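Go ahead and model the full structure; you've got the sequences and the hints to work with.
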Amino acid sequence: MGVKQGNLGKYVSIKKPKKTQKQHFLPTPANAKVVHLQRLQMMQGEPFQLGTDYEHLIRELCNEYSYMGCGEVIFEPSFGQYFRVKNITYFNNHPTKEAIIIPKTQFVIQDFAEPKKSTRFTKEKNLTLDDVIGQDQAKQRARLICHYIEQPELFGSFPPNMNLFQGGPGTGKTYLARVIASQTKAPFFFSSATALVGNYIGESAKQIREFFEEALAKERSVVFVDEIDGIGYNRSKNQSMRGDALETVNALLVNLDEFVEHPGHVFIGATNLNTVLDRAVTSRLRSRIAFKPFSERERELFFKNYFSGVTKPFDVDFSRIAKQTPNYSGRDMIGLIEHAYHASILENTQKITTEDVLKQVGSGKKKSSPPAFEFV
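For the sequence shown, my numbering begins at 7 and goes up steadily by one.
Since the hints were derived computationally from the structure, they do not count as laboratory data. Since the structure is predicted, the reported quantities are computational estimates derived from the model, not experimental observations. Cβ atoms here follow ideal geometry from the backbone N, Cα and C, with glycine treated the same way. Mixed in with the good hints, there may be bad ones.
[Unchecked claim] Within a straight-line C-alpha distance of at most 30 Å, the following computed DSBU-like cross-link-like pairs (lysine-lysine) qualify:
hint	residue 1	residue 2
1	K224	K212
2	K212	K298
3	K145	K191
4	K318	K329
5	K224	K310
6	K224	K318
7	K191	K298
8	K329	K145
9	K212	K191
10	K310	K357
11	K224	K191
12	K145	K357
13	K191	K365
14	K298	K310
15	K131	K318
16	K318	K357
[As the list claims (entries may be wrong)] Quick list of the computed label-pair ranges, beta carbon to beta carbon:
hint	residue 1	residue 2	range
17	E156	K357	43 to 53 Å
18	E302	H153	46 to 56 Å
19	E361	T200	15 to 25 Å
20	S289	P269	42 to 52 Å
21	A349	V260	31 to 41 Å
22	L252	D321	54 to 64 Å
23	V260	D323	48 to 58 Å
24	L352	E219	20 to 30 Å
25	L133	P269	48 to 58 Å
26	S325	K191	52 to 62 Å
27	L352	Q157	21 to 31 Å
28	S301	L133	15 to 25 Å
As structure tokens, this is what we get:
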């Protein structure tokens, strides 16, 4: 039997136990009826707590085996403790003293999606803070972080190791984190929040824990979680949050508390939506740095810097282009350069001119940069 789990799009596969299997079950109450759930994948890591979003699964399970009179459902995880959901009175509205015992390690929910890669460990190229254009406030904080990574003993009880980068897309949050790692020669651990969300109940907490543990195994590290609002959402504004979602937020908080105790390690969360973050998350990320849009002068420097990497000859008035691109982010400007470069190849021109670039600006509508560019 396959039971679909509501809006989560996940499934549980169920089968009755064979008589020979029953002898391997732990002792159960005399009035208990036993159901065996086929184990689809090893469930490791933190135990999950059953919430209202899963209760209808139990109703379907009970309906399949005609156990509609039970008043208590008992889950027995692999570590031998019990999870109970008591007084589920909607089973025929006639609860009894009977219980369903689900033996250890055999309750698994699966959505058949490809497993996500939750971490990325890289050794950054030779980048320095001099490579960062604009964002003077953020760079000042970055210098302090670099000093901390290299000499954590100087900072005593006030380490600058818990940071939140706030700003719109393409303003350089990820790039600055990479620069910090490169300048200090610290391993860079990167993950988007969505990559830390698991496919199975309990997997998110496990992946978050392993992500932090991998970083802490190094002598020092820069840990960067992009779009942290994806796992650190405000619990007070989401009263209908599922049990696994609450567990994900709690897992993040627990690991942040552990992380802060390790000198030489720096955590940076990035968000475009800081207003939706849980207060418990923002209180732990004590330093909040705002990334602002580029000024006209900064856009001019940005175009000049990135055009230096164009292999084709160019004759471009960077000041003029900067005037025509207000509110462009770093990603927008890189996309503009790429569009102009590709257009010159298609048109077989000898060099890229100012007019070629301004054609791509068009009526002022920003060009989107391709996903291949990693400036974020």
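For each hint, the structure was consulted:
1. K224 with K212: 19 Å, holds
2. K212 with K298: 35 Å, violated
3. K145 with K191: 17 Å, holds
4. K318 with K329: 24 Å, holds
5. K224 with K310: Violated: K224 and K310 sit about 38 Å apart, past 30 Å.
6. K224 with K318: Judged against 30 Å, a Cα distance of about 42 Å means the pair is violated.
7. K191 with K298: Holds, at roughly 27 Å.
8. K329 with K145: 25 Å, holds
9. K212 with K191: 28 Å, holds
10. K310 with K357: With Cα atoms ~16 Å apart, K310 and K357 stay inside 30 Å; holds.
11. K224 with K191: 12 Å, holds
12. K145 with K357: Given pair K145, K357 is violated - Cα atoms ~35 Å apart, limit 30 Å.
13. K191 with K365: 41 Å, violated
14. K298 with K310: 20 Å, holds
15. K131 with K318: Within the cut-off at roughly 24 Å; holds.
16. K318 with K357: Within the cut-off at roughly 6 Å; holds.
17. E156 with K357: 43 to 53 Å: 44 Å Cβ-Cβ, so the 43 to 53 Å window holds.
18. E302 with H153: 46 to 56 Å: 32 Å, violated
19. E361 with T200: 15 to 25 Å: 41 Å, violated
20. S289 with P269: 42 to 52 Å: 21 Å, violated
21. A349 with V260: 31 to 41 Å: 51 Å, violated
22. L252 with D321: 54 to 64 Å: 58 Å, holds
23. V260 with D323: 48 to 58 Å: 54 Å, holds
24. L352 with E219: 20 to 30 Å: 49 Å, violated
25. L133 with P269: 48 to 58 Å: 24 Å, violated
26. S325 with K191: 52 to 62 Å: About 37 Å separates the Cβ atoms of S325 and K191, which means 52 to 62 Å is violated.
27. L352 with Q157: 21 to 31 Å: Check failed, 52 Å falls outside 21 to 31 Å.
28. S301 with L133: 15 to 25 Å: Given about 22 Å between the Cβ atoms, the range holds.
Checked against the numbered hints given earlier, this structure breaks hints 2, 5, 6, 12, 13, 18, 19, 20, 21, 24, 25, 26, 27; the rest are met.
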